[in-house]
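Chemist: Chains as they are written, first to last, in numbering that gives the first Met the number 0: chain A, 0 to 292; chain B, 0 to 316; chain C, 0 to 207.
By construction, these hints were calculated from the structure, which means they are not laboratory data. Some clues are possibly wrong.
Once the Cα atoms are required to be at most 25 Å apart in a straight line, the calculated BS3-like pairs of lysine-lysine come out as [claimed, not checked]:
#1 K43(C) to K44(A)
#2 K141(C) to K67(C)
#3 K161(C) to K171(C)
#4 K62(C) to K141(C)
#5 K311(B) to K104(A)
#6 K62(C) to K161(C)
#7 K31(C) to K94(C)
#8 K62(C) to K257(B)
#9 K56(C) to K43(C)
#10 K106(C) to K46(C)
#11 K257(B) to K106(C)
#12 K31(C) to K171(C)
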Amino acid sequence: MREWTRTRKMQRSLVYDRLATYGFYGLGTLVLLLIFWLLLTILGKGLPGLSLEFLMKLPEDMDPGGGIGPVLFNSFYILILSLLISVPIGVGAGIYMAEYAPPNKFTEVLRICVESLSSVPSIVFGMLGLAIFAEYFQIGLTIFGGAVSLAFLNLPMLARVTEEAVRAVQNDVKNASYALGMTKFQCIRTVVIPMAMQGIVTGICLVAGRAFGESAVILLTAGLSTSGEMWDFNLFSPGETLAVHLWYVQSEAIVEDARQIADKSAAVLVIVVLLMNLLFRIPLWISNRRLKK
Amino acid sequence: MSTPVQQYVPEERQVLTPPAKRRRFSRSARVRFTNRMFTYYFWFSILALCLVLGLVIFFIGKTALLTFRDISFADFFLSFNWTPEEEHYGAAAFIINTLSLTALTLALAVPVSVGLAVLIAEIAPGWLKNAMRPILDLLVGVPSIVYGYLGLTVLIPFLRRLSGENLGDGLLAAALVLALMVLPTICRISDDAISAVPKKYREAAYAMGSTRLQVMMRVVIPAAGRGIIAAVIMGMTRAIGETMAVVMVIGNTAQLAKSLFTPASVLTSNIVMQISNVEFDSTWNYALHMMAFLLLIISFVLILFIRYLGRKGREQA
Amino acid sequence: MKKGIADIGACDWDASMDVPGFKAFEGQVANKVAVIPFATVTNKNVKVNNLTTEQLKGIFSGKITNWKEVGGDDADIVVITRAFGSGTRVNYQAKALAGGDIVKKAKNYKEVGSSGDMKTAVATTPNAIGYIDLVYVNSDIKALSYNGVQPTTDNVINGSYKIWAYGYYMTKGQPTGATKAFIEYVQSAKFQQGSLKKLKFIPISAMR
Numbered sequence: 000m001r002e003w004t005r006t007r008k009m010q011r012s013l014v015y016d017r018l019a020t021y022g023f024y025g026l027g028t029l030v031l032l033l034i035f036w037l038l039l040t041i042l043g044k045g046l047p048g049l050s051l052e053f054l055m056k057l058p059e060d061m062d063p064g065g066g067i068g069p070v071l072f073n074s075f076y077i078l079i080l081s082l083l084i085s086v087p088i089g090v091g092a093g094i095y096m097a098e099y100a101p102p103n104k105f106t107e108v109l110r111i112c113v114e115s116l117s118s119v120p121s122i123v124f125g126m127l128g129l130a131i132f133a134e135y136f137q138i139g140l141t142i143f144g145g146a147v148s149l150a151f152l153n154l155p156m157l158a159r160v161t162e163e164a165v166r167a168v169q170n171d172v173k174n175a176s177y178a179l180g181m182t183k184f185q186c187i188r189t190v191v192i193p194m195a196m197q198g199i200v201t202g203i204c205l206v207a208g209r210a211f212g213e214s215a216v217i218l219l220t221a222g223l224s225t226s227g228e229m230w231d232f233n234l235f236s237p238g239e240t241l242a243v244h245l246w247y248v249q250s251e252a253i254v255e256d257a258r259q260i261a262d263k264s265a266a267v268l269v270i271v272v273l274l275m276n277l278l279f280r281i282p283l284w285i286s287n288r289r290l291k292k
Numbered sequence: 000m001s002t003p004v005q006q007y008v009p010e011e012r013q014v015l016t017p018p019a020k021r022r023r024f025s026r027s028a029r030v031r032f033t034n035r036m037f038t039y040y041f042w043f044s045i046l047a048l049c050l051v052l053g054l055v056i057f058f059i060g061k062t063a064l065l066t067f068r069d070i071s072f073a074d075f076f077l078s079f080n081w082t083p084e085e086e087h088y089g090a091a092a093f094i095i096n097t098l099s100l101t102a103l104t105l106a107l108a109v110p111v112s113v114g115l116a117v118l119i120a121e122i123a124p125g126w127l128k129n130a131m132r133p134i135l136d137l138l139v140g141v142p143s144i145v146y147g148y149l150g151l152t153v154l155i156p157f158l159r160r161l162s163g164e165n166l167g168d169g170l171l172a173a174a175l176v177l178a179l180m181v182l183p184t185i186c187r188i189s190d191d192a193i194s195a196v197p198k199k200y201r202e203a204a205y206a207m208g209s210t211r212l213q214v215m216m217r218v219v220i221p222a223a224g225r226g227i228i229a230a231v232i233m234g235m236t237r238a239i240g241e242t243m244a245v246v247m248v249i250g251n252t253a254q255l256a257k258s259l260f261t262p263a264s265v266l267t268s269n270i271v272m273q274i275s276n277v278e279f280d281s282t283w284n285y286a287l288h289m290m291a292f293l294l295l296i297i298s299f300v301l302i303l304f305i306r307y308l309g310r311k312g313r314e315q316a
Numbered sequence: 000m001k002k003g004i005a006d007i008g009a010c011d012w013d014a015s016m017d018v019p020g021f022k023a024f025e026g027q028v029a030n031k032v033a034v035i036p037f038a039t040v041t042n043k044n045v046k047v048n049n050l051t052t053e054q055l056k057g058i059f060s061g062k063i064t065n066w067k068e069v070g071g072d073d074a075d076i077v078v079i080t081r082a083f084g085s086g087t088r089v090n091y092q093a094k095a096l097a098g099g100d101i102v103k104k105a106k107n108y109k110e111v112g113s114s115g116d117m118k119t120a121v122a123t124t125p126n127a128i129g130y131i132d133l134v135y136v137n138s139d140i141k142a143l144s145y146n147g148v149q150p151t152t153d154n155v156i157n158g159s160y161k162i163w164a165y166g167y168y169m170t171k172g173q174p175t176g177a178t179k180a181f182i183e184y185v186q187s188a189k190f191q192q193g194s195l196k197k198l199k200f201i202p203i204s205a206m207r
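Could you put the whole structure together from the sequences, leaning on the hints where they help?
Modeler: Now the structure itself:
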């Protein structure tokens, strides 16, 4: 055989390839640097002052030295409640769209409507929650109302991401499972969902992060105050979350150390979101390793 | 979509089953029961989603349409004069500003995010992949107010020095902040879409002697096209609807943005600034609701447009 | 409050009466709870220390656009104002600008949504001017004298500094029950002389 010589076209492609690799790495480095700088600024301003006491104390309206105890608790509580509502419905709706829905115009319109829904400003969901819970049901500003409105906000994204993840599962795997005699649901449970799990977990992470940092919705539906006690599980008490507290301290507060409280709260928020993401990713990572072995 | 194979269930009499086993709890019956239950569950979820959709449209639409009791269509959509104190309700400036802001944000965010997604999914080694993904997810958790505040205290002075204007607020500042906010969304969803492209496509392309770049550009990205389009749409809708961060860096003046640095206002920031201060039954309130409704419609149209572009691209591919 | 969601509404003006830009809200009763002083504030790089009513009117209506016209450096004035519906804005417009207009569309003009945002905006924008409750003023921004009078609580009490207003708690009809008890607590001497003063507000009793 003749020796393999590189044609000029091949050479050019290789050069492009090399350039592109450098380009991508450069882009990635730039973005990473930006993100690190952002995180360092937030954490740098807030971490030094953090103490366990700050995390546990009640917020003070008029004197300096308030903490974020009940507010932090409310953040978690509302987050978990809203995830409990939005994940089953969102993932279920996504699977429906990908597996059960007939491929006609109506489904297409439905899909676009769901996507448009994610562009509704968060305030409008707050106003919706206010209209439903505070006016129609007359229960005022509550944790329950906040969690439900937050769930509404996150539903569209969850549904779409799940749908795309499920859609990406290859048809031949599904056909193989049907050939073995599984029902549709067995196929979904044992084959499709594990394969789409990575995408679904991405969706949940994105949604949880957004829910934790969301302030406009909670502001209007769960209020700007807490019940004053630390571990209050009552669904109907007002529920100020950390993000709302941050907003409040930044815009209206007149205590002496408002700026520090705001910085510290921002740092706490970022750390919690990091931990949450790790929490969601670890089971996935473990199961991936087990599968590879 | 695959067609489910007809279920072949052997008659209970023909197969040797222990006589004690009651027919109702036989395995196949259980499986069929679970199947049916879960089908109902999936139906229920989509109906719940439709309910939420309906609620939102009904709720905003009801108040929004009351606007046109007092103002004409032309007045609302074409007039650039927004002075509610004097009964002028022209929203044209906001509409155009919203569209320009979205376009600018996408122009900044999409190349960077998709490029980053390609980096993570294709080029980066394993440890880098596992490190970058949680970091990007972190960006999503940063509350919008913090972005706004950082934009106000860091970005705007920087832009001010860069441009020499007196106020760094305006479209550019808002677009930069928004681009940073939607970056993780577009990037992570595209990343998943690209990772989900089956190996055999890539291997086939490599077998034919393509370089990695060619494999990426000609095979993988078009194959992941659906997912990437969905990612871009998610990012765009988030950008259109973002309020808190935009309000802090855009200047909030009801005028058309003629340059990147004039303080302006978009539909969302205007709603935020004025909604808590207007009377309930006034035309102003209705006009604000109409602007929220407009957002829904605008994103509907933009989504149709992006999907159309995506379909054209794939037809050519 | 009109819809019954809240029992008390805090307002910087008496909403049961007509005020420029707002019709009276029917059926509401105003309860005085504090005296709130306001001040014109600028960024620390502005060299001007005092502005008269005429100068303020000119600046905020957009007629005066350069600091050198009022005795400062040759630099464009950046006007920062609060959104419509803000109590601070209503009072400032009435008392300091004597009812003058505030510019709505201009190049060097910006609106913010709250006092905290106003403080941040003025502190970080060179050549900026705005207005804010006196209680928010600290070392980040500079408060200007008005017609030669320094903005201090003493000057408000002795009547020489005119930019101040009463703060009210609005209730639907006369307050009853827990609402009434709360309002009475806030109006009591204990609260007024203690916490209220600590926050740099002025007790109602001090104004004669």
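Chemist: If a hint holds in the structure, say so; if it does not, say that too.
Modeler: How the hints compare with the structure:
1. Between K43(C) and K44(A), the direct Cα distance comes to roughly 23 Å. Compliance with the 25 Å bound is thereby established for this hinted pair.
2. At most 25 Å may separate the alpha-carbon atoms for a hinted pair to count; K141(C) and K67(C) meet this at roughly 18 Å.
3. Simply put, K161(C) and K171(C) have alpha-carbon atoms about 30 Å apart, too far for the 25 Å limit, and the pair is violated.
4. With a C-alpha separation of about 23 Å, the suggested pairing of K62(C) with K141(C) holds against the 25 Å cut-off.
5. Taken as a hint, the K311(B) and K104(A) pair is honoured in the structure, with Cα atoms around 18 Å apart against an allowance of 25 Å.
6. A hinted pair counts as satisfied when its Cα atoms are at most 25 Å apart, and K62(C) with K161(C) qualifies at roughly 24 Å.
7. In summary, the hint linking K31(C) to K94(C) is supported, as the alpha carbons are separated by about 18 Å, within the 25 Å threshold.
8. A threshold of 25 Å between alpha carbons decides the hint, and for K62(C) with K257(B) the separation of about 22 Å falls inside it, so the pair holds.
9. Using a Cα cut-off of 25 Å, the hinted pair K56(C) and K43(C) holds, with the two alpha carbons roughly 21 Å apart.
10. Restraint check for K106(C) and K46(C): the C-alpha separation of about 22 Å stays at or below 25 Å, so the hint holds.
11. Under the criterion of a C-alpha separation no larger than 25 Å, the hint pairing K257(B) with K106(C) is consistent with the structure, at around 10 Å.
12. Proposed proximity of K31(C) and K171(C) is supported: the alpha carbons are some 15 Å apart, at most 25 Å.
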